[in-house]
Amino acid sequence: MTSSITNGSQSIVNGDDGAPPAKIALITGITGQDGSYLTELLLNKNYEVHGLIRRSSNFNTQRVNHIYIDPHNVNKARMKLHYADLTDASSLRRWIDTIAPDEIYNLAAQSHVAVSFEIPDYTADVVATGSLRLLEALRSHIVSSGRSHVKYYQAGSSEMFGSTPPPQSEDTPFHPRSPYAASKVAAHWYTVNYREAYGIFACNGILFNHESPRRGENFVTRKITRAVGRIKIGLQSKLYLGNLQASRDWGFAGDYVEAMWLMLQQEKPDDYVVATEESHTVEEFLEKAFGYVGLNWKDHVVIDKRYFRPTEVDNLKGDSSKARKVLGWKPKVGFEPLVKMMVDEDVEMAKREKVLVDAGYMDAQQQP
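Per our numbering, the very first residue in the sequence shown carries number 192; after that it's consecutive.
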């Protein structure tokens, strides 16, 4: 039995089509933006995909619901979810031993920079020590099973460069400016250490900002496009933001997960910067997003000092020449198409919300 769905331009097949999987992948953070796009990519390459998810009183699987198939409905669904946590070493080791993956993608994190100032201990435990727990679980699995071919991907971040001037490449010194960034630096060096000390095929992907309609609504780009949709439809009037002059290298998440996969297909493990090599300010993003629907952002944006960070990162712009040369990777979606893609999605979401407001099921002033 095979079930297929269409999601945008991708046709995903997640079922028993009679063919054995090409490889088995284990993804932490599968319910996040990157995890959902990576899962689609791997399923299209005939992988069997296993995702680790945290137990919560509420379901948080909306990004992968369109590709999840209840295992009771098919003989062998090719995407499976398991409960585990990067703060629980025993669960990580158990699932690695049980699943016996060929590739591991560590995408899980407390990934919000501003929030990391509020919960620094938890951020470090998940992002830094969590990565160490996963690497150690992998090392123990390799020792006990002899499966030395298992490959590991660690999700890094351009935030690790912090205040180091652009352009930033693999050779640029790190200068983290938040607990999140410092934790990502630790995870980066843990990965390098396990590669050099134990010969594990372990790669760091230093990904610059990557966005999509699946981006969390508390990240600035999605916060902007959600507000654009709601303001255009009449559900919201103001948008509260912090530093508009911060400049970032913004790409499309669907492009960036391909780079993750390509890193693990090489003969030797290495570290790669993944970026568009263009930098735009938050103000430029506002201009494109509001202008796309015929609005002036200055009529709606209010600066709120609560959204300024204790230590700011002024300008991130990547040098991805190594990834382009070695991996043959380059971004397909540019800055303006990315903004339009996100605004289009959020205008449609606002229209659906308007139906609920008009029917009395939602407060018109309720903001995402």
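Read the hints as simulated data drawn from the structure, not as lab findings. Just so you know, not all the hints are guaranteed correct.
[What the hints assert, rightly or not] Quick list of simulated restraints, FRET-style, between CB atoms:
#1 Lys271 with Pro311: 30 to 36 angstroms
#2 Val493 with Asn384: 41 to 47 angstroms
#3 Asp490 with Asn235: 18 to 24 angstroms
#4 Thr278 with Phe308: 16 to 22 angstroms
#5 His366 with Gly485: 52 to 58 angstroms
#6 Asn251 with Ser281: 18 to 24 angstroms
[As the list claims (entries may be wrong)] The calculated DSSO-like cross-link candidates involving lysine-lysine, where the alpha carbons are at most 30 angstroms apart (straight line), are:
#7 Lys479 with Lys508
#8 Lys531 with Lys479
#9 Lys459 with Lys521
#10 Lys521 with Lys531
#11 Lys489 with Lys423
#12 Lys479 with Lys236
#13 Lys513 with Lys214
#14 Lys423 with Lys459
#15 Lys479 with Lys489
#16 Lys236 with Lys214
Since we're looking at a predicted model, the values are computed, not measured. Even for Gly, the Cβ is constructed at its ideal location relative to N, Cα and C.
Item to check | Whether the CB-CB distance between His366 and Gly485 falls inside 52 to 58 angstroms | outcome: Since His366 and Gly485 have Cβ atoms about 41 angstroms apart, the given range 52 to 58 angstroms is violated.
Checklist entry - Is the straight-line distance between the alpha-carbon of Lys531 and that of Lys479 30 angstroms or less? => result Answer holds: Lys531 to Lys479 is near 8 angstroms, not above 30 angstroms.
Checklist entry - Between Lys489 and Lys423, does the CA-CA distance stay at or below 30 angstroms? => result holds, 14 angstroms
Checklist entry - If you draw a straight line from the CA of Lys459 to the CA of Lys521, is it 30 angstroms or shorter? => result holds, 20 angstroms
Next on the checklist: Can you confirm whether the C-alpha distance between Lys479 and Lys508 stays at or below 30 angstroms?
Outcome noted: holds, 19 angstroms
Checklist entry - Holds or violated: are the alpha carbons of Lys513 and Lys214 at most 30 angstroms from each other? => result At roughly 26 angstroms apart (the allowed maximum being 30 angstroms), Lys214 and Lys513 satisfy the hint.
Checklist entry - Could one say that the CB atoms of Asp490 and Asn235 fall in the range 18 to 24 angstroms? => result Hint violated: Cβ distance 43 angstroms, outside 18 to 24 angstroms.
Item to check | Restraint check for Lys423 with Lys459, where alpha carbons must lie at most 30 angstroms apart | outcome: violated, 50 angstroms
Next on the checklist: Range first: 30 to 36 angstroms. Now tell me if the beta carbons of Lys271 and Pro311 are that far apart.
Outcome noted: Taking Cβ atoms as reference, Lys271 and Pro311 lie about 34 angstroms apart, which means the hint holds.
Checklist entry - Is Lys521 close enough to Lys531, meaning Cα to Cα at most 30 angstroms? => result holds, 20 angstroms
Next on the checklist: Holds or violated: Lys236 and Lys214, Cα atoms, limit 30 angstroms.
Outcome noted: Answer holds: Lys236 to Lys214 is near 9 angstroms, not above 30 angstroms.
Checklist entry - Taking 30 angstroms as the top limit, are the C-alpha atoms of Lys479 and Lys236 close enough? => result violated, 35 angstroms
When held up to the earlier numbered hints, the structure conflicts with 3, 5, 12, 14 and fits the remainder.
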